[in-house]
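We have chain A; now place chains B and C onto it with these hints.
Protein chains in written order, with my numbering: chain A, 326 to 617; chain B, 70 to 461; chain C, 6 to 331.
Keep in mind the hints are simulated off the structure, nothing from the lab. Be a bit skeptical, because a hint or two may be false.
To be verified - Below are the DSS-like pairs computed for lysine-lysine, each with C-alpha atoms no more than 27 Å apart in a straight line:
1) A:Lys474 with C:Lys328
2) C:Lys200 with A:Lys416
3) C:Lys200 with B:Lys193
4) A:Lys457 with C:Lys200
5) A:Lys416 with C:Lys217
6) C:Lys37 with A:Lys451
7) A:Lys451 with C:Lys200
8) A:Lys473 with C:Lys217
Quantities reported herein were computed from a predicted structural model and do not represent experimental measurements.
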Amino acid sequence: MADSTELIIERERGSTIVSDISSSHDEAAFEVAEDVLLRAEKVNVYYGDFRAVKDVSLDVRQHEILALIGPSGCGKSTVLRCYNRMNDLIKDARVTGTISYRGVNLYDEEVDPVEVRRRIGMVFQKPNPFPKSIFDNVAYGPRVAGQKKGLSEIVEISLRKAALWDEVKDRLNSSALGLSGGQQQRLCIARAVAIDPDVLLMDEPCSALDPIATARIEELMQTIKKDYTILIVTHNMQQAARISDTTAFFTSDVETRNDTRTGILVEVGPTENIFSNPSDERTENYVTGRFG
Amino acid sequence: MTDASTGLQAITASHLQISPLRRLREMVVRHTLLVAVLVSVMVSALILWSLLSEAWDFIVHVVWSDTWGQLGWFPRRGIYDIPTILIPTFIVTLIAMIVAGPLGLGAAIYLSEYAGSRVRSWIKPILEILAGIPSVVLGFFALTWIAPNLVARIGKNVFLIIGLAILAAYVVVAARIATTQLKKLKSRATDREFTVDTGMENTTWITLTASLVVLTAVLAMGVVWFIDVWVDFIPASAGSLAAAGIGVGILTIPLVASVSEDAMAAVPNSLREASAGLGAEKMTTATNVIVPAALSGIVAAFIVATSRAIGETMVVFLAGGAADASEFTISPFDGGLTMTAAMASLASGTDNVVGEGLTFQSLYFVGLVLFLITLGLNLVAARFVARLREAY
Amino acid sequence: MISRILDSKTKNTISRAVEKRSLAQDRRSAYKSTFFRVILQAALLLTMLILLVLLVSVFLNGTDHILSRLGDFLNGTMRSRSVDEKLGVHQALYGSLWIVIIVAVCAFPLGIGAAIYLEEYAPENRFTAFIEVNINNLAGVPSVVYGLLGLALLVNGQIFGLDRITGGRSTLSAGLTLAVLVLPIVVITASEAIKAVPNSLREAAYGVGATKWEVIRTQVLPYAAPGVLTGTLLSVSRAVGETAPLILVGAVSGRLGPNPGLFEMSALTDKFTALPLVITSWTQQSGRDVGFTAAAAAAIVVLLVVVLVVNSVAIGLRNRFEKKRG
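So here's chain A without its partners, still in its complex pose (with noise of 0.2 Å):
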């Protein structure tokens, strides 16, 4: 842990949580929300007539890695496919409120959703690779987004930051099916770093890896921060605590007049915060392990 007092500082400077609007912010805070790089306000996901993410505001800094947790079904990864417009692909899904990047709203209507995923990458839970050789799998982006030239040099560089490749420099032309499942899934992050994105949105992408690959994955996650805002949905707490900066809490509602769970989010703040001293009880429950 080369950089650890680095983390410590910047989760000393602490992180906003914008969920109510109306209390007051000091200066401090307010100088931090300077570099809130990504500001969801009032974000609402409907299936149909279902709600399944209620009133959702949450600020992403520059270059930190901020973590969703909460038990399963809570929406925490309905919500990260919000950042980039992900759940615009599944039929009758519905979002409402802001996301704003950069200031500009990610759902205003001059947005082209294409454009938002080639800066906003992902990466998914299940290794999702292409049925084509590696050196095309982490080229695709670049080359869908008109770039025909250089694409070697993009190639290595992505496959660099992935770590993956000395692994890999020599089979370039072989199929990515064939590489393992913590391979594959350091693939699809180069995949996703070739296209040059600004954010990256981890949907629990060590789920189905073993624990040694997924502790490559974590290390890998803290070289390449320095570049990129990560956003990551985890299961896995002690995962959560050893790697974000911030953590948000998701849980569920449960309405039980005709039994639908709705996504809340029930707190954000620096990672240490969250799991040493939780202002909220639901919290506490969850990091102690004593429900989800």
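Just chains B and C, lined up with the frame of chain A:
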């Protein structure tokens, strides 16, 4: 790293757009594909339009009182007796289903419940090959092999008795299914536990056996009467409705087999395991658990096959034993025209469809009736399939 | 626990008694079960047997032409007498080839395009549901009805005056009619192949900023290609074997003038015949001239070779890819 103290580099919505060229391409592709869909849909409209516009003339101008007797079908002479082509259609379809029903369903049950994966990997492709044989080939086969070797040589009497016996078996099976369904309804009313029927009560058996005896007696008398009154000598070289019916039946075996097998495959394995866990034999599981559970799918298979048999043209055209026109008949051993064969005959003259007044329009009228019948059957079958899908 | 206390002799007696009683019951149901199994196997075997008899009887009928004069038969033309040494299926093969080309050019792009739209673009609403039901119903419409459509629309030009383009009773009319006939088959099989593409693949491509069409072109279609190809091959074999619509559209069943060259466009608007039509015609004439039975059988052998080869390739292709992808 952007300088954190001075804040972030802000952007505008125009930065989050793709190049105009890419956007244009998306739009062009989307609309081109939509046109493809619309063309596919337009086909239905055109079929309806062309059928209706011509058939309407026939409906308006034909003398309806002359279309319902036993006059024969002579479209070129202006004689359009509907029963003359309706009854052979019914006969051919019935014979086809008598052939295809047991064979197709038997094959499906065997494939679904008994066959191992190796046997399946051999038999499925063979059934698919059978499904791919063009109907004109079956027409040739029905005329040159089935007619002389089955219909004429084995003899009409044996043939009839076999047919009626299978029909009787159908009645028994139907009665059995009806009683088990009734029982299930009753037991559902009393308790909601899952039960596997392993047999029937004595009273039901007695009623069934009694009704079977009566039925067989009636059928036997019917056979005797039928042969006495209706069956003439069949020349070995000629086609007949029976030969055509068997040919159509062979053609529909793979359809019955594949649709019923799909239905049985949709029945969850837990039901098989539950039945086996109660000590039921494979046969009991198949007949009392799987087939009833997949019943709506199997019914759909029979309906689809019926629709296919009604719409089948070439087998009857070649092996049906009538060309161009036909006298009224209700004997399967006579030659006759089904609706489809009547259409093909009318169109296959040396030149365009010619004849008096409504000849051409009659073609479209028959086509319209055929279209509506098959459409109705297919829609009903789709409902049954949907019901099966809902259940599991 | 009790069984352990009992001595072995008593134990054996008890179990034997139990066995005996259940055996008596079991034997009856075992017989019944075996009987049932045999009946099912018989159904399957009978089906296989029919297929075998069909193939053998057709081939035996056709041996004369197939074995002794295959070259002449493939190069020969339609004749009025069966003993004519120039009797053959050249014109028929030629017409069938043109029909396949027209079907491929018209039905494949339309059908695959419609399938892509329905699976990837269409919103989930009533209109889409209506279109899907519509296409499924089209697949169940008897082929002879398509013949009526072709006759009204393309041959007689009753609606748009299309007969001026098709030339009436022509190869083009027949090919277009069959293209319309196989269109729903192509749409349905292509839709199924596209449905089988895993969503994770689409998400991965969208996730790196690909547009919808880019995702389809670079991921969905390559993955679905074997399934789509299977569907198109099956529809080709259907088009080659389909007869009733051709009768309605007015294929020539008697003698036919000399062929224009294969790749002269006038072949499209000329009178035509096709393999299944020749089979029909010869089968019908066999009552008058028995020699035509053998000719028809030989033509069937040619047709079956084409149809079965195309079908086997399609089925083999599908099975291989299904296996490969588990």
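**Asked** Which hints, by number, does the structure contradict?
**Response** 1 and 6
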